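Student: Use these hints to put chain B onto chain A, whose structure you have.
The listed protein sequences correspond, in order, to chains A and B. The numbering used here numbers the first residue of the first sequence as 726 and each following residue consecutively. The numbering used here numbers the first residue of the second sequence as 726 and each following residue consecutively.
Just so you know, the hints here were simulated from the structure itself, not pulled from any lab data. Any given hint might turn out to be false.
No distinction is drawn between identical chains; accordingly, a pair holds when it is met within one copy or between any pair of copies.
[As the list claims (entries may be wrong)] Capping the alpha-carbon separation at 30 Å, the derived lysine-lysine pairs in DSBU-like fashion look like this:
| hint | residue 1 | residue 2 |
| --- | --- | --- |
| 1 | Lys844 | Lys907 |
| 2 | Lys1085 | Lys1127 |
| 3 | Lys1127 | Lys1168 |
| 4 | Lys907 | Lys942 |
| 5 | Lys731 | Lys907 |
| 6 | Lys1085 | Lys942 |
| 7 | Lys942 | Lys1067 |
| 8 | Lys1085 | Lys1067 |
| 9 | Lys844 | Lys942 |
| 10 | Lys1054 | Lys1127 |
| 11 | Lys855 | Lys834 |
Keep in mind the model is a prediction, meaning the values are calculated, not measured.
There are 2 protein chains.
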Amino acid sequence: MSDRVKIFDTTLRDGEQSPGISLDVGEKLEIAEQLARLGVDIIEAGFPIASDGDFEAVEAIAKNVRGSTIAGLSRTGFQDVDRAWEAVRHAERPRLHVFIATSPIHMQKKLRMTPDQVKDEAVAGVGRAKSYVDDVEFSPEDGSRSDVDFMCEVLQLAVDAGANTLNIPDTVGYGVPEEFGKIIEYIREVVMGDYVISTHCHNDLGLAVANSLAGVKAGARQVECAINGLGERAGNAALEEIVMALRTRSDYFEYLETSVRTEELARTSRVVSRLTGYPVQYNKAVVGRNAFAHEAGIHQHGVLEDRETYEIIDAAMVGQEAAQIVLGKHSGRHAFADTLTKMGLHVQGEALNSAFRRFKELADRKVEITEADLEAIVAEELGTGVVHRFTIIDLELSGGTKRTPSARVVLADGEDGTVEAEANGNGMIDAAIAAISEATGVKGTVLDFKVSSVTEGGDALGDVVIQLECESHRASGRGVATDVAEAAARSYLNAVNKIVRLRERPEAPREQHVGP
Amino acid sequence: MSDRVKIFDTTLRDGEQSPGISLDVGEKLEIAEQLARLGVDIIEAGFPIASDGDFEAVEAIAKNVRGSTIAGLSRTGFQDVDRAWEAVRHAERPRLHVFIATSPIHMQKKLRMTPDQVKDEAVAGVGRAKSYVDDVEFSPEDGSRSDVDFMCEVLQLAVDAGANTLNIPDTVGYGVPEEFGKIIEYIREVVMGDYVISTHCHNDLGLAVANSLAGVKAGARQVECAINGLGERAGNAALEEIVMALRTRSDYFEYLETSVRTEELARTSRVVSRLTGYPVQYNKAVVGRNAFAHEAGIHQHGVLEDRETYEIIDAAMVGQEAAQIVLGKHSGRHAFADTLTKMGLHVQGEALNSAFRRFKELADRKVEITEADLEAIVAEELGTGVVHRFTIIDLELSGGTKRTPSARVVLADGEDGTVEAEANGNGMIDAAIAAISEATGVKGTVLDFKVSSVTEGGDALGDVVIQLECESHRASGRGVATDVAEAAARSYLNAVNKIVRLRERPEAPREQHVGP
Chain A
726 MSDRVKIFDT TLRDGEQSPG ISLDVGEKLE IAEQLARLGV DIIEAGFPIA SDGDFEAVEA
786 IAKNVRGSTI AGLSRTGFQD VDRAWEAVRH AERPRLHVFI ATSPIHMQKK LRMTPDQVKD
846 EAVAGVGRAK SYVDDVEFSP EDGSRSDVDF MCEVLQLAVD AGANTLNIPD TVGYGVPEEF
906 GKIIEYIREV VMGDYVISTH CHNDLGLAVA NSLAGVKAGA RQVECAINGL GERAGNAALE
966 EIVMALRTRS DYFEYLETSV RTEELARTSR VVSRLTGYPV QYNKAVVGRN AFAHEAGIHQ
1026 HGVLEDRETY EIIDAAMVGQ EAAQIVLGKH SGRHAFADTL TKMGLHVQGE ALNSAFRRFK
1086 ELADRKVEIT EADLEAIVAE ELGTGVVHRF TIIDLELSGG TKRTPSARVV LADGEDGTVE
1146 AEANGNGMID AAIAAISEAT GVKGTVLDFK VSSVTEGGDA LGDVVIQLEC ESHRASGRGV
1206 ATDVAEAAAR SYLNAVNKIV RLRERPEAPR EQHVGP
Chain B
726 MSDRVKIFDT TLRDGEQSPG ISLDVGEKLE IAEQLARLGV DIIEAGFPIA SDGDFEAVEA
786 IAKNVRGSTI AGLSRTGFQD VDRAWEAVRH AERPRLHVFI ATSPIHMQKK LRMTPDQVKD
846 EAVAGVGRAK SYVDDVEFSP EDGSRSDVDF MCEVLQLAVD AGANTLNIPD TVGYGVPEEF
906 GKIIEYIREV VMGDYVISTH CHNDLGLAVA NSLAGVKAGA RQVECAINGL GERAGNAALE
966 EIVMALRTRS DYFEYLETSV RTEELARTSR VVSRLTGYPV QYNKAVVGRN AFAHEAGIHQ
1026 HGVLEDRETY EIIDAAMVGQ EAAQIVLGKH SGRHAFADTL TKMGLHVQGE ALNSAFRRFK
1086 ELADRKVEIT EADLEAIVAE ELGTGVVHRF TIIDLELSGG TKRTPSARVV LADGEDGTVE
1146 AEANGNGMID AAIAAISEAT GVKGTVLDFK VSSVTEGGDA LGDVVIQLEC ESHRASGRGV
1206 ATDVAEAAAR SYLNAVNKIV RLRERPEAPR EQHVGP
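With the rest of the complex left out, here is chain A (with noise of 0.2 Å):
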């Protein structure tokens, strides 16, 4: 059996379906590459049947990361698989998971299908993928509520189909350990052929990084898991824990090795956290802000004394140093485009452009320009990686206790056009929305709202989040700024320029279909 252990990320499929996250392509490509530079070794990129806009983002991450093996979700349908082949067949080395329900109570209520026909709907999806490419995966969905048997004998068909990787799912995250462990050694006595094994645990108990390590004990070499433990209702098995759980106790878990480059396990952390705009808890394993103890002041006299008291991971090995800081008011375009790419950011042409303008803007107000408030920066001009339709010219903002909050908007609009409103609100973020809304013509709801500090201190950038539904349509904006009603601003006028080219490409909701 092999020594090392896949690292499979699902980020961009099973993270990506979390309520209130919608990815665009740009932004999707951003945490693709990302993830390469992790070191993964595979990226499910997405669901490329769901939805117009999962198919291109599966398409271009495909043609354009380099280094992992990129995967595609599809059912066993052959209109799915040919779609999922068509998006990725691009990539380097390209992969297609093909899944079906195997418990009761999916195959009853949502398949409403009998057994025989799922076993002959999971050689069909599976020979109709392996007619593409050699690399194929198969999923029971529910696996871990299938009887057994039952889900052996649809794995062993996979198999004899051409599988060459068997992913367990505990879609519910019903599992427990011990047992979870036991069905993976069952799975390997029983189903014959050669393949690798793998586990998709859900944390709906909190046990999904446990399952998936009984898993590996058990013999899997394959886990899928995501970044911060994102996923459906709570989560997949977070892939910062997994990795350093299999290298801090490397006695235990056989000596086994990951591909991941773990110093880049806090920077992908934040990448995902910021274009998804799900925060990370404080007191998140391994890239939380807590993670060491060190950093936080306390346990200082254990600490002082010896590091290895009260800690069991190096901060500097998975990148959770201090952000360093790199620039300041003073630092040309020269230094700030040689900066990002010491980062890994690729920004060029109009992009740069803008990203220094605000950049300069920014340090104007700011004393010091850390790494972290240039990722944000970009983030904030490059997510789309598109020309916005309206830009801001000028946004006067008052409010008080006793006066009513009131906002002031002139906006570009396009090359030429100006347009501009005024509007009161019940807050200053509230009235400058409505001013937004005004001028635009973009009326939509706010569904979501987050406000995080990027760096520390008084004069914190203030990142802003907004996640918006305007005519069926839903986008998510993010705004960086020294002032919180001008990021929020700022954040609300980036997602109606998404809404706005969603209006002028319509397309079809996402199928409401989710894998395992």
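Tutor: Frame of chain A; chain B shown alone:
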């Protein structure tokens, strides 16, 4: 063996030691009351020797909170034990929790004691505790990295000296479930006497819940855990996950029961998050806002057909239904007071008047005031339970992309006086903070700044928590308003008021010596 697992909550001790959390007596009391309402068996209220503030909080909880055992943590020295007893002795059911490290690294580097000295200390500390109270718990700190036979010797001595609970800490989160379960099993075989065995697991590798449950499977009948998984570094096992795993997989966990009223879990999580300023990850198991698929409107097909297709826990069972709309701008004082009482919030006298005034202000700007809004208002107004020196009379803010952000503030100072100031800043919040600093003469450093929205939608309340440091004093403040800059100003002023009080009663800084 008992068919119940005792839930020992350490949110107020291990959780409160997280960086940036500094709860005052009133806030700790509020959390303790909610924990008692939740039905936990034991509340570890603090570490009385650590500081005068810790002592007072433990004492206040022991005197006021009924229904749960109240525990105080203590090292083995007589001064520690005596102080802990002094704090908890008023409780309905007091417990003393004595600990000393047994791992080679902790004994050598931190304690600088020989193994024999550690044994003597354990016996002496437990004996002293037993002289005060029958209910004595003993913990060998860093148990999972201790020589297991040496640890068992110490445990045997502790039992012989009168300990009736033996708690096995995985202090650095190094354990894996199989191994940790075997340690518990081994202790139960080797250590003779009548005692309850307990687990205390940290989450550095994401395995705290799994390790605790492996302990239960191996015979542990107490689990130490914390709401939202708070605690040093990556935190402790999350109470809500432990309780729901035991219940959801009762088939696997031999139908063991806990006394927790699960329908209070969501509210307890909210109260702790709001008072500590620690956000809960959206994808947090059980209490995260995504934990239930049907709320998010995804997995729709399957969920509509049958909830159990994708969900294993009922949202109502953990109190995760949407907050009900309870009050509007026409609601009177009686309805307001009545609603608070129904919510279990005990607010009276001047505090009630002040909360009602804030409620009316908010209701003027916001159509619907939900239960979550009310919790936030009460948290802002009553967090400290004492009268503030400074209160806002007027606040004016202005800013924008081309204006210099500025603020003007007029504050009432005590009964009669007023103070006022104007200032500019990097953003309006920064300007408001500068103006308040100027007016009050309290110039602190903002260590942490967190904004969240209490409810959803455009007219959501902004909830700001600020951590402030000023001349070695630290305080957190909370502010709620429809305008986020106003909320920030309120939260900063709240922290300033606390600093003013701390200055009046200077206190030695808390000792940096923490427990299991």
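Student: At 30 Å max between alpha carbons, let me know whether lysine 1085 reaches lysine 1067 within a copy, between copies, both or neither.
Tutor: within (19 Å within a copy, 53 Å between copies)
Student: Within, between, both or neither: how does the pair lysine 907, lysine 942 come out at a Cα-Cα threshold of 30 Å?
Tutor: Answer is both: 10 Å inside a copy and 16 Å across each meet the 30 Å cutoff.
Student: One pair to classify: lysine 844 and lysine 942, alpha carbons no more than 30 Å apart. Within, between, both, or neither?
Tutor: Answer is within; shortest intra-copy Cα gap is 29 Å, inter-copy 37 Å.
Student: If the cutoff is 30 Å on CA atoms, where do lysine 1085 and lysine 1127 land: within, between, both or neither? Let me know, please.
Tutor: between (35 Å within a copy, 14 Å between copies)
Student: First find the shortest C-alpha distance between lysine 731 and lysine 907 inside one copy, then the shortest across copies, and answer within, between, both or neither for a cut-off of 30 Å.
Tutor: both (20 Å within a copy, 29 Å between copies)
Student: How do lysine 844 and lysine 907 come out at 30 Å by Cα distance, when the copy is not named: within, between, both, or neither?
Tutor: within (23 Å within a copy, 41 Å between copies)
Student: 30 Å Cα cut-off: does lysine 1127 pair with lysine 1168 within a copy, between copies, both or neither?
Tutor: both (27 Å within a copy, 25 Å between copies)
Student: With 30 Å as the alpha-carbon cut-off, assign the pair lysine 1054 and lysine 1127 to within, between, both or neither.
Tutor: For lysine 1054 and lysine 1127, the Cα distance is within 30 Å only across copies (18 Å; inside one copy 36 Å).
Student: Checking lysine 1085 and lysine 942: alpha-carbon separation at most 30 Å within a copy, between copies, both or neither?
Tutor: neither (52 Å within a copy, 59 Å between copies)
Student: When no copy is specified for lysine 942 and lysine 1067, does a C-alpha distance of 30 Å or less occur within a copy, between copies, both, or neither?
Tutor: For lysine 942 and lysine 1067, neither the intra-copy (38 Å) nor the inter-copy (50 Å) Cα distance is at most 30 Å.
Student: Could you figure out if lysine 855 and lysine 834 sit no more than 30 Å apart (CA to CA) within one copy, between two copies, both or neither?
Tutor: So lysine 855 and lysine 834 pass the 30 Å test inside one copy only (29 Å; across, 59 Å).
Of the numbered hints stated above, those contradicted by the structure are hints 6, 7, listed in ascending order.
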